[in-house]
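Participant: The primary structure of each chain is shown beneath.
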Amino acid sequence: MNADQPLTRDQMAEVVARDIPAGSYVNLGIGQPTKVANYLRPDQGVILHTENGMLGMGPEAHGDEVDHDLVNAGKIPVTQTPGCSFFHHADSFAMMRGGHLDVCVLGAYQVSATGDLANWHTGRPEDIPAVGGAMDLAVGAKRTAVLMSLLTRDGQSKLVEQCSYPLTGVGCVSRVYTDYATFLIEPDGVHVRETYGVDFADLQQMVGAVRLIDRTAA
Amino acid sequence: MNADQPLTRDQMAEVVARDIPAGSYVNLGIGQPTKVANYLRPDQGVILHTENGMLGMGPEAHGDEVDHDLVNAGKIPVTQTPGCSFFHHADSFAMMRGGHLDVCVLGAYQVSATGDLANWHTGRPEDIPAVGGAMDLAVGAKRTAVLMSLLTRDGQSKLVEQCSYPLTGVGCVSRVYTDYATFLIEPDGVHVRETYGVDFADLQQMVGAVRLIDRTAA
Amino acid sequence: MSATICATTAEAVAGIADGSTVMIGGFGSPGQPVELIEALIDTGARGLTVVSNNAGNGDHGIAALIREGRVDKVICSFPRQSDSHCFDAAYRAGKVELELVPQGNLAERIRAASAGIGGFFTPTGYGTMLAEGKEVRQIDGVDYVLEHPIRADVALVKAHRADRLGNLVYRKTARNFGPIMASAATRTIVQVEEIVETGALDPEVIVTPSIFVDQVVAIVDPADAEESA
Amino acid sequence: MSATICATTAEAVAGIADGSTVMIGGFGSPGQPVELIEALIDTGARGLTVVSNNAGNGDHGIAALIREGRVDKVICSFPRQSDSHCFDAAYRAGKVELELVPQGNLAERIRAASAGIGGFFTPTGYGTMLAEGKEVRQIDGVDYVLEHPIRADVALVKAHRADRLGNLVYRKTARNFGPIMASAATRTIVQVEEIVETGALDPEVIVTPSIFVDQVVAIVDPADAEESA
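Residue numbers (the working numbering), protein chains in the order written: chain Z, 780 to 997; chain R, 780 to 997; chain F, 12 to 240; chain W, 12 to 240.
So that you can see chain Z by itself, here it is in the shape it has in the complex (with noise of 0.2 Å):
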């Protein structure tokens, strides 16, 4: 979609979860993309990772569904699918480390023109630094993508140049899905394949430094 708008979070969530090929094993991480799974049909037979040692994971578990001993990686309470499977960490992160998840989406703060990602440590000194996954999910998956807000809430890119936020892992996202448009980071530089609400001019403007490939045509 080269929508009028920008999208929503639900939209994007969306965008994202269309372009999940069929049969895949996918990794949704914690908070704003684990909303992906909200937008995966049925008969796109995805299967869903969590770090924390189970493959299969239902949706979130409400009332009497609730079992303590079966959460997600943000610890919230979710149900199983049938075939799924448990499994320990160590096993679990040969999962991810090894390569054989097919997707995995992830929040950032930033991601730089040449796939790196920060999304793990503000890197101010008063916070408590906590990375739990993220830098084995960022390395793992065969497409590693980011799902984000283009913009900080004072108007700057959150795809740079550089990261100068502390990174979580060098080169490894392939894919920026954002509410104005969609990146796709590839070896010969940041190429765009659908913007929503603005063009490609206004775009590469809202981004600044990092120099952009159109391929909205295509």
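Think of the hints as simulated: they come from the structure by calculation, not from any bench.
Possibly wrong hints are sitting among the right ones.
No farther apart than 20 Å at their CA atoms in a straight line, the calculated lysine to any residue pairs in the SDA-like style are these [unchecked claim]: (1) Lys814/R - Arg797/R; (2) Lys106/F - Glu905/Z; (3) Lys854/R - Gln92/W; (4) Lys145/W - Val147/F; (5) Lys814/Z - Glu839/Z; (6) Lys814/R - His841/R; (7) Lys84/W - Glu108/W; (8) Lys814/Z - Gly802/Z; (9) Lys921/Z - Arg162/W; (10) Lys921/R - Asp164/F; (11) Lys854/R - Arg182/W; (12) Lys937/Z - Arg972/Z; (13) Lys145/F - Val949/Z.
Given chain Z, work out where chains R, F and W should sit, using these hints.
Facilitator: Coordinates of chains R, F and W only, in the frame set by chain Z:
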């Protein structure tokens, strides 16, 4: 036992069995050391490990007990005991390499005075080499014991200053059970705990260059 | 050596020395052995290094151990949570040291200790501040960081069922760090909801073989770390 | 990507290229996927590197693959057996290269490939001729050898049951190399005795999650490698 005669193979196995502390987890390798199992008392509560993925291995299977999916490291059909468990090869060798087995008993071509072990390869160029789990077992257990005849067929001591056969492991053997004596390999040298059919002086002559320490009176 | 079935948590945790490194299972609340941790607090042991995915949540379990001043250092991946106020306060007061480890490296370092591996090259963390000062190497075109095993004197683990030999099975995502911690510590102490006769667990489904287990205690109705009073 | 249920072994192994590295499960006969190997022979693929614990026994399975001249190299721990005449003849004739690897290093190198580990320090083999020319390092007073992952294009694995997603369970000591090979190859082809409906396998007892499996074929009454005619 300080016996009047050199020990038979069965008696050697019995001495090894008697030395295994109650409640130990033990690997008996392949070949002659597997005889040790015949002399373990039920009240010893010893649990046998086999490298091909099982704890709680039972005796050899006969007749209707034979199950082609249940074999020991020598690929001989065996039985299972209550409380046994199955696991894959990486887990099985992690269990060995990680030092979780209390005792491992192996055969040998030679053992050196500092506990080097040679038991996998004759070194003859015409022989096809095969190592199996020998090197893993040698370095993995809390205590690696060797069960072997003291002398080669032509009367050479297999307890040697330095192994002439290709090594299986360096400094890994701490006990050597033979037909003529039981040896303890310790930091200060090779101690003789018991002799069978020979006295200490005879034994020292048989092993030649390796200087022995007499503890038979202890 | 064979596992011992203990009548009480106090008996199970007896003898944990001051200054011990203690692995504690759990991913947040699921799998966290709250009753064993409370028994550890009761022993008075101090100067502990805790290895766990999180640094405690709420006021019980690991959070209580930190609040009571028993922990000098935490090795974990995710200390900051909405209800990690016990850790947060101790950390900001400079009372507890933090070694932050990416979760998969934490799991793999624990697994390496259990498997007798002296070190391994991992891609995770390469080029980040968590790899600063560590040896790096490019192998077949991929950049790796060298990481070393994390060993422990004691592991406290929560499983679902044990047999009398100490074989363990877990329940759903409460499995998490239990199996790898059980196999990486010199002494492994386990709380389970039920102890069954030896032979009652299918040998195909045992997750932690008894060789890794030293003490087992049954807690029939264990507290949830987030909810226990 | 999701696994495919195949009607025949020919369909399951289709497309294995000449020169492929092929992991083959089994410890001797238990776990050896004889029917898949025979289908591989039928494809005519040549110049293969076989990774397996043994180098074939009797006249079927791996032994037949070697006898038919399809194998350029074997990476294994124990080629020499009482009935390994097919390998022995090919080896002595200089037709097949042998890389001999201690069994635990073989398992750990396969596991490293599956886990994205670039290399690891193992104590096994240190100071022996099987470590000659390899990097060594002393860490905390223990001597180690650096070993690297063994990856494969294809794994042929025999399991007991699969569900329609490709989740696997094994049977007794036939489990052996199956789970680690299934997770270390680009493409994993599995023969099982029975395919059950998705959801029929207890999620707690699945040994190989479906993510590692590409093709599944049912062989109702599989041959034993030592006995098949």
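Participant: Hints first: check each against the structure and report whether it holds.
Facilitator: Evaluation of the provided hints:
| no. | hint | in the structure |
| --- | --- | --- |
| 1 | Lys814/R - Arg797/R | 13 Å, holds |
| 2 | Lys106/F - Glu905/Z | 16 Å, holds |
| 3 | Lys854/R - Gln92/W | 10 Å, holds |
| 4 | Lys145/W - Val147/F | 18 Å, holds |
| 5 | Lys814/Z - Glu839/Z | 11 Å, holds |
| 6 | Lys814/R - His841/R | 16 Å, holds |
| 7 | Lys84/W - Glu108/W | 4 Å, holds |
| 8 | Lys814/Z - Gly802/Z | 19 Å, holds |
| 9 | Lys921/Z - Arg162/W | 16 Å, holds |
| 10 | Lys921/R - Asp164/F | 16 Å, holds |
| 11 | Lys854/R - Arg182/W | 16 Å, holds |
| 12 | Lys937/Z - Arg972/Z | 17 Å, holds |
| 13 | Lys145/F - Val949/Z | 16 Å, holds |
Going through the hint list in order, the structure satisfies each hint without exception.
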